[in-house]
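Chains as they are written, first to last, in this note's numbering: chain E, 492 to 787; chain R, 23 to 619.
Since the hints were derived computationally from the structure, they do not count as laboratory data. Values in this document were obtained by computation on a predicted structure and should not be read as measured data. Warning: the hint list may mix true and false statements.
[To be verified] Selected chain E positions facing chain R (in silico; Cβ < 10 Å):
1. 549
2. 551
3. 574
4. 595
No residue lacks a Cβ here, since even glycine has one placed at the ideal position from N, Cα and C.
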Amino acid sequence: MADLREPVYLENKLAEVRDSGRLDYRSKSLPTWCPGCGYFSVAEGVTKALNDLHIANKDVTVVSGIGCASRFPFFTDTYGFHTLHGRTLPVATGIKVANDDLTVIVVGGDGDAFAIGGGHIPHAARRNVDITYLLFDNGIYGLTKGQTSPTSVHGFKTGTSPFENQDQPLNPLMMLLSYGSSWVGQAYAGEPHHLADMIAKAVTHRGFSYLHILSPCVTFDKTSMTYSNLNMMVRDLPENHDTSDMMAAMKEAATVDHPALGVFYEEARPTLADGFDEIIRRAQGRAAGPAAVAAE
Amino acid sequence: MNNTDFQIAICGSAGDGTIAAGDVMKRAMARAGFKVIAFDIYPPEIRGFGKCIARIRVTTEQVYSLKHHSDILVSLNDSHAIPHVPEVGRYGAVIYDQSAIAAVAEGEHISGHVQPDHLPYSLPLREISEQTTGSARSRNIVVLGYVAGLYDLPKDAFHDIIQEKFGRKAASIVESNIKAFEAGYALGADTFKLDFIQVGKPADKVNGNQVVMMTGNAAVVRGSLDAGLDAYFGYPITPATSIMEMLATELPKRGGRLLQTEDEIAALAATVGAGYAGARAATATSGPGLALMVEMLGLGVMAEVPSVIFVSQRGGPSTGMPTKTEQSDLHLAVFGGAGDCQRIVMAPTNVEGAYRCAGKAFEMAEKYQTPVIVLLDLYLSNRYETVILPKVNPFEPDSSKGRSASDPNKPYQRFAATDDHISPRAVPGEDGAIHTVTGLEHNELGRPNDQPDNHVRMSDKRHLKLQQALSHPGITIHKRFGDEGPVDVGILGWGSTFGEILEAMFLAREEGIRCSAMKAVMLSPLPVEPIKAFFDDCGAVLVPELNYEGQFANLVMSQIGRPVTRLNRVPGVPMKVSDILDEIRMLAERNRAVAAE
Ligand SMILES: Cc1ncc(C[n+]2csc(CCOP(=O)(O)OP(=O)(O)O)c2C)c(N)n1
Ligand code: SF4
Ligand SMILES: [Mg+2]
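So here's chain E without its partners, still in its complex pose (with noise of 0.2 Å):
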């Protein structure tokens, strides 16, 4: 938390986010998110991290599925693809097949990704295709004025589970760990700055990177995943976590009482891009390269 003993002055405030450059990835479009939406955090964290990494606004696309997290990218500056519910990391593969020297980023909700894009994430994960996926998690579908999602509690009443919902939630970090997605990290949005720093994680590292982001639906939710629940569960992971070690970040994601932050696991391996350099090669007849002897 920051210092509050020192006055914040606005006017201070906003001449620094003007000198830093980020507004240079913000687009035109106010964003159309409810005030105190968590998903202001992240497209803050977003700017930030984009103009901290000097990436240039052409070479970045960002990817999105239908839902209020998907309004994502008519909100920055960059290339980007509004595309169908559910179906953001296939599109997004094929952009990377295309041309792999794009930063794709891909945004999506719970609903998006877990319900109805839930057999997509195991195969972009798996195959390690170099995008950074940034899963807006509000434990409800808030596009649709609130329904349960497969990240709502057991019990909790919503438009669709008028008598409490009775399926137990998905334990996506746990089912990321386990895809083989080489890159997994959880973040909070009521943490913006911790925030702005995973992102940027998460779009250095090469290969498939998982950033679950915790952030309240202010205008639906009242009861679950809220700014003041969250403040009270959320917890940083122990300092002597070991991210290459998958069985503690596995011990770490099931404890959901008290969400961890920060970088569960991370590991170096080819790419789906450095397969295709190695199915080429062996089809030409060349001798094999650094991603083959990697992979061995």
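Starting from the known structure of chain E, arrange chain R with the ligands on it as the hints suggest.
Relative to chain E, chain R with the ligands alone:
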């Protein structure tokens, strides 16, 4: 004209080398310079001893369908071949193994089923095979030799093909097969030929162009590669799988990339993603896969992203009949999707057309910024034809209206209004053209916009731009054959059935019926004016197709507004030429009766 036109059907079980014999036959005939069309039918079981039939029609000029009657039936297994004896025409030949006759019960030997107007040739196949090679396994090659000897077919071509086909195995295998062939040939050459089958000389070689024999799916692969395919995404499904398997070998040789996706939704999604990023990308599937793709097809239409989708139809609905042919995905291909989402749909009628449509599909997808569906069916995907490939690559490597076509002094608008309704397209990575595309209705900038005037304007744009595909250069999208001017009967067809339609039309003309046939290769947008002109000339219009509902007839009637006579069959195999011919006769008679009144 055709001084040679004979059709041979080789029938046996999977273990008899039936398909292999047919393969040697068709390749040898093509090598000798004849034109060939061939279609094998084999059992749906992956392995086993079900019935196989290889049918090959050999001609001087290229034809596009098999004949309803075969001239020669070769039996490698009598119980399988007996039901096919009636398919042999008058004074045609039935060739079979004599050795089994003593051992079988009455009625189980084919000799008891040969009709009075057939010429039977009974030969000691098993004995010759055993004597020359030490095993009965070469019966299929012995009988090929016999056919070659009997009809004086060019021996060298057979030798070459046997060498090529078995050369990768041991040299001894080539040797024993040649021996088997020669023994059969000697017997055939010694046999007094009683049937009416005549074999002439092949046509002269077409100067410079390549004559090759290939399947419809191989033609799709060749066309795609010639058009500069960059990326392919697919999920296996009969009868489209072989497209993906051939590309898996060929594409990386040229530096291209192929990915087996988790399902068809992902296959088209990735194709659209790659198209958005500027690649020439494609996928191939069958009806069930296309059903999964239609939502993504709508995104391609709305976001104006190029993609090419090859669809090889099989029997439906649902999983249907995976190894049977049908033309019942036309409604899905033309209309499938949410909202008004017209796309380009082309259906080639033969293997050469499959090559053209495949290559042109990439040009069109890029030029008109749209999904393009190329609709084939199992019959066209799997059948072999000799085709003439052009000497120079006929496809444009880049047909995109790029960003340079837009006014550099104005901010870039991805969906800018233009005279031809096609907006200059920039792709990610380009400077000064940053934009977002979306499946939401949007304005010229690509920003979501659901205002009434905007939706009207954009709907216009998306539909009007496609009309230009009707005059796309270098491809025939409709063509009329047969009698010119007014005719009693017109036959309007699409897809692979057009081969049978042509065959029936020519037979009807020989009977003195004034008729002509028109093929529609482009089904969306439909070439309405030429079809109307055709209707103007025809006393009656017949629409034969392999589906139950009359899907093309529905399409034509809704857009032309005139009645047609439907001819619908769903046997899972190609339509019978005789069924079409009967219908033409009936319509011609009716038309003459009306005229006489
Ligand atoms: C095929 C399809 N089915 C349903 C919808 C309706 N729909 C739009 S967004 C959405 C759920 C969004 O929830 P989530 O992905 O969690 O995103 P959020 O709005 O919470 O950010 C649904 C069901 C759709 N657009 N497309
Ligand atoms: S509905 Fe919820 S998720 Fe959507 S913008 Fe509003 S607060 Fe955010
Ligand atoms: Mg949600």
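Hints versus structure:
1. 549: holds (5 Å)
2. 551: Status holds, d = 8 Å.
3. 574: holds (6 Å)
4. 595: holds (9 Å)
The structure shown violates none of the earlier numbered hints.
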